[in-house]
Amino acid sequence: MIFANPWFLLGLFTVSIPVLLHLFGKHTKKVIPFSTLRFLRELSRKTSRKINLLQLLLLILRILILTFLILAVSKPVIKTSKFLFKSGGGTTSVVLILDNSFSMQYEVEKGRTAFGIAKEIAQNVILNLKSGDSASLILTNDTNSVNSGSPSYDLSAITENIKQANASNLVADMQKSVADALTSLEKSTEYNQEIYIVADTQKISFKNLLVDKLKLSKKRKITFFIVNVQPENAVNTAVLQVRPQNYACIAPGNISITVQVRNFSSIPQVKSISLFLDGEKKTSKFLNLGPMGTANEVINEKIIKSGVHSGYVELESDNLSVDDKRYFSFTAYSKIPVLIVKASGNSDYFYISSAIAPQKSESIFDVNTRDSSSVGLINNQDYKVVVLTDVTEGLNINNYVENGGGVLLIGEGVKNLAELNFTTRQVPSLNKYLIIDWVDYLSPIFEPFKLQGSGNLSYAKFYKIISSESTKLPSDIKILAKFNDDTPALCEKDMGKGKLIFFASRFTGEWSDFYLKPTFVPLINQIIFYLSVPSTKVENIAGSYIKKEQILVPGIHNVQGETIPVNVDAEESNLKTIEPDLLTNALPGFKVNFIADPSKLNEAVEKERIGISLEENFIYIALMLILLEIIVSNLLARKAKQNA
Amino acid sequence: MKSRFLDPIIVDKFLNQNIKPKGLVEGFVTGLHRSPFHGFSVEFAEHRPYSTGDEIKHLDLKVYGKSDRFYVKQYEDETNMRVCFLLDISKSMSYKSNGISKLEYGCYLVALLSYILLKQGDAVGFFAFNNSIRHFIPPKSTLGHLQTILEEFEKIEPEGDTDLSKPLNEIAEKMKRRALIFIISDLIDDEQKVISALRHFRHNKHECTVFHILDEMELNLSFGSMVTFEDLENKERLQVDTRYIADDYKKEINNFIDRYKQSCSESMIEYVQVTTGIPYDQFLTAYLNDIR
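Those sequence lines, one after another, are chains A and B. Just so it is clear: in the first sequence, position 641 is 641 by my numbering, and no numbers are missing. Each number in my numbering comes from the position in the second sequence (counting from 1) with 1000 added on.
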C-alpha cells in the first residue's frame, strides 16, 4: 500500500486517545464505604463481563474509526491485479511535454506532420484520464503561451490548449521542459504521477538532459512515458550553411557564396539547390549526397550594385521543408575606407597597411595613414574603420564608434580605454614568451581558422603585452582570445552602433613575432572587415533576440533599418534519435518507458497505472463503523438509563 | 433525662401511646398485660377437670354440687411486660448515605420505645451485639432505668463483623422468662442462620419483632457512576459501574428482604422493614398504629 499523503499517518497516534480513556477512565479515586459488598460482588462479576465486552467493542470501533479516517486522508492506494480491477483507481496527475521544435514539422504522410500525430497522442492521453485526474501541458517552445503551470483538473481546457498548439521554428530544450514538468508535479499528491514526452526523440533535443543537474529537492515516484512520433528511416536533407565570403564584397565585383548541404539519412540522395538573390533566381545545381554525406558548393555571383544584398538558397523540398531554405545577406561596398593612425616613430602601421592593402587597386580597403597629431575629429562618413597603432592620447573615438564606426586598438592605444586600467607588462625573460592558446571560434573574425589545418594562431610568440590590472573585465567586454597566462589577447566591446576591438600587444620585434606569421594577414583582414560590418550578427538563429526583438520566423528581416537573415538551427535538422538507454540514464531514479510505437502507449500506461485508491472505501468503512459505534453506545446508555 | 437520642418534642407526641404484645407475657407486678399464670389472680378464666396433683383448695365446690364432678377453677391475671431490645452494633450498621446511620436510627428507636414501655410499667432490658454480646442492661421497669439505657448508648461504637446467629442464640439461652424481643439489625448475614437464631426465641416462647434497618442507598444503589466501594467490615474494595448494575442490585436486595419477610412470617416473627430515610418518629407512629 502506498500513501499519497504519508504525513497524515502521524495522526494514527490519536488512536491512543480512546485506549487511554478506556484504560484510565475507569479508574476512580472516589472510594465509598458501603455496608456490604455481598450483593455487589456477584452482580459486578456477571454484569461487568457483559458491559466490559460492550465497552471493549466500543473501544475497538473507535480505534477502527480513527484508523480508517486517518488512512483515508492519507490517500492510500494499493497496487492490485488487473484481473481484479478493470482500470487503475488511483488518481493521476499528468504533465504532457509536447516537442514543437521545427523538426516536428516532418511530414510523416501527406498532410500529417509528426507534430499533428503528437497532438493526437496528447489528446488521447487526456481522453483516457478520468474525473479527478489532473493534467498540464508544456510545449518545448511556448511561442503561443499555451503552457499551463501546475496540473489542472479542467481537462477540457488542456485539450483545447493542445488543439491550439503549433509547431515552432525553434529547437527543443528538453532539459528546461523536464525541469518545468517536475516542478509542476512538485505539489501533486496523486498516486500516479506521469510525465509524457511526445517528441521525435532527436538526440540533439535530449543532449543536455540530465535530471541530476535539475537539483531536485526530492526524488518522487514519477513515471516517464517517452513517445517517439518520428517514423522509422526518416529522411531529411538540409541546407546547413550559406556563407557569402566575408559577408561583404566590392561592387562591382564577385562574391563567392559557400553552400553546405547535408543528407541526414542513410539513403543516397540527389538534390537540386537554387540560389535566389535579391528576389531573383540566379542559379540551380544538382548535388549528389551519399549516406550521411555533406556537399559543399561554392556559387560565384556577380554583384553590380553596392549596398546590402539578401537572398536564400533553396534545396529541393523533402518531408521537412523548413530547413530546406537558408537565408543570407551581405554588404557590397564600392571600397571600405580605413584610417590607420600612427604614433610617431612606430612601425606597426606598416605591417597593418601591408596586410590589408598590399596593392591599393586590388584591395577592398581604401587605406589612409596619418600621424596622430594631424588627426582631428573623425567622421563616420569618411572612414568605416579606424586603426589606432600605439596611439595613446589626443583622440576621442567614442562618438565615432557609437555612430557605427569600427576601431581597432593596438599596443599602447589600448590605454585609451581608461576604465580598463591597462598597463604594459614585459614577459620576464626573452627566452620566455606568451602564446595565444585560447580562441573563441564563434566570433566571425576567426572564421578562416575554424577548419583544422587552416592556420594556428598559437605559433606566434609575444614577449611584451598590455594587460589589465583588474582581475575581472567589465561584462560588456568580450574576450576573443587569451594568452597562455590567461590574460586577454584580443577583446571586443560593443559601443552604440559600432564596435571596438583591441589587441594587447604590438607588431614589432620587441613585442612579438606575430606579424611574421602566416595567420597575421588573414586575421587582420578579418578584423578590419568585421569592424566595417555594422554591429549586428551576420547570421541569426530563429528565436534569438536581435536588438531586443525576438525573431521567431526564418527569413530576411528588417530590424531597425538593418537587413538581418534569420535561419533555423541547422543542428535540429539531424533527425537521429536518442538511444532509449541514454534516456534512462539521463533520468536516474525515475521509471522511464520508451514507447517506440505510439499505438502501444495505452497498453504501457495501463500496465504502469494499476492502482486502486482506498480513500473512498475507507471513508465508507469509517462511516459504517461510526453507525455501529452509535448503536453500541446507545445500547450502553440505554442500559445505564434503565438502571438509573 | 437528657440525651441526644430522646428528643422531648418527639417524646411529647408519644405520651399517650401504649405498646401491647400480641401474645402472653410473664410479668412480676400487676400491669396492663395478661399473665400466663392461672390460679393466683382475681379474674376467672375457665374450669378444667381435676387431675391428680391439683391442690384441693382450687376445686370449685359449686360445680361439684351441681354436676357431681371435680373441676378446678382457673383465673386470668394482668401483669407487667418484660421487653428486651437487641441492637446490632456491627460496622455495617454505621453506614449512612444521609445524615443518620443505621445504628443511630436503631438507638433512636430503642430510646423512644423504651420510654413508652417504661412509662407503661414494663421492664426493659438491652443487648448490644456484633459477633458477640457487647453491652447488656438487665430488664427493669423503673422509669429511671431509661437513663441507664441512654447512657449506654453513648458508649456504643460500631465495631466488629456481623455474626448474628451466635449472639442471638446466646441471648435466647440467657432469657429464661418469656419476653417481648425487639431485634434491630440490618440482618446482613447468612439468612438461614439468622432465621434459625430468631426461631430459637420463638421456641423459648418469646414474642419476636425484627426491625430490619436499611439505608436508602442500600436499597437502590443510585450512585450513578463508576464507584469504588469499600466494605465497612472487612475493608474489601470493589470497583463497580453502578449505572449498569443498579437494576439487578435492586432485584437482589428486594429478594433478600422478601426472603426474610417470608421466613419471619413462617416462624411467626414480626418483620418490619425500616428505611433510615423515614424519620424515626414517623415510622414509630405508623408502626404503633399498625399493631394496635
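Just so you know, these hints were derived from the structure itself, not from any lab. Since the structure is predicted, the reported quantities are computational estimates derived from the model, not experimental observations. Beta carbons are placed, not taken as given, at the ideal position from N, Cα and C, and that holds for glycine. Hints are supplied without guarantee of correctness; some may be wrong.
Derived, one-sided and incomplete: chain A residues facing chain B with beta-carbon distance under 7 Å [unchecked claim]:
hint	residue
1	35
2	40
3	279
4	639
BS3-like mimics (lysine-lysine), calculated; alpha carbons at most 27 Å apart, straight line [said to hold, decoys possible]:
hint	chain 1	residue 1	chain 2	residue 2
5	B	1193	B	1235
6	A	30	B	1193
7	B	1250	A	50
8	B	1251	A	639
9	A	30	B	1250
When the nearest CB of chain B is found for residue 40 (chain A), is that gap smaller than 7 Å?
-> Since chain B brings a Cβ to about 6 Å from residue 40 (chain A), closer than 7 Å, the hint holds.
Given hint residue 1193 (chain B) paired with residue 30 (chain A) - CA-CA distance at most 27 Å = Status violated; Cα separation ~35 Å.
Pairwise hint evaluation, residue 639 (chain A) against residue 1251 (chain B), where the allowed Cα distance is 27 Å at most = 15 Å, holds
Distance restraint between residue 1193 (chain B) and residue 1235 (chain B), which requires alpha-carbon spacing of 27 Å or less | 23 Å, holds
Under the criterion that the straight-line Cα-Cα distance not exceed 27 Å, is the pair residue 30 (chain A), residue 1250 (chain B) satisfied?
-> Holds, because 22 Å separates the two Cα atoms, which is no more than 27 Å.
Given the hint that residue 1250 (chain B) pairs with residue 50 (chain A), test it: the Cα-Cα distance must not exceed 27 Å.
-> The hint holds at about 18 Å.
Do the numbers back the hint for residue 35 (chain A), that is, is its least Cβ distance to chain B under 7 Å?
-> 4 Å, holds
Taking the closest Cβ pair, is residue 279 (chain A) under 7 Å from chain B?
-> Violated, about 104 Å.
Is the shortest C-beta separation between residue 639 (chain A) and chain B less than 7 Å?
-> Interface hint status for residue 639 (chain A): holds (6 Å vs cutoff 7 Å).
Hint compliance for this structure: hints 3, 6 are not met, and every other hint is.
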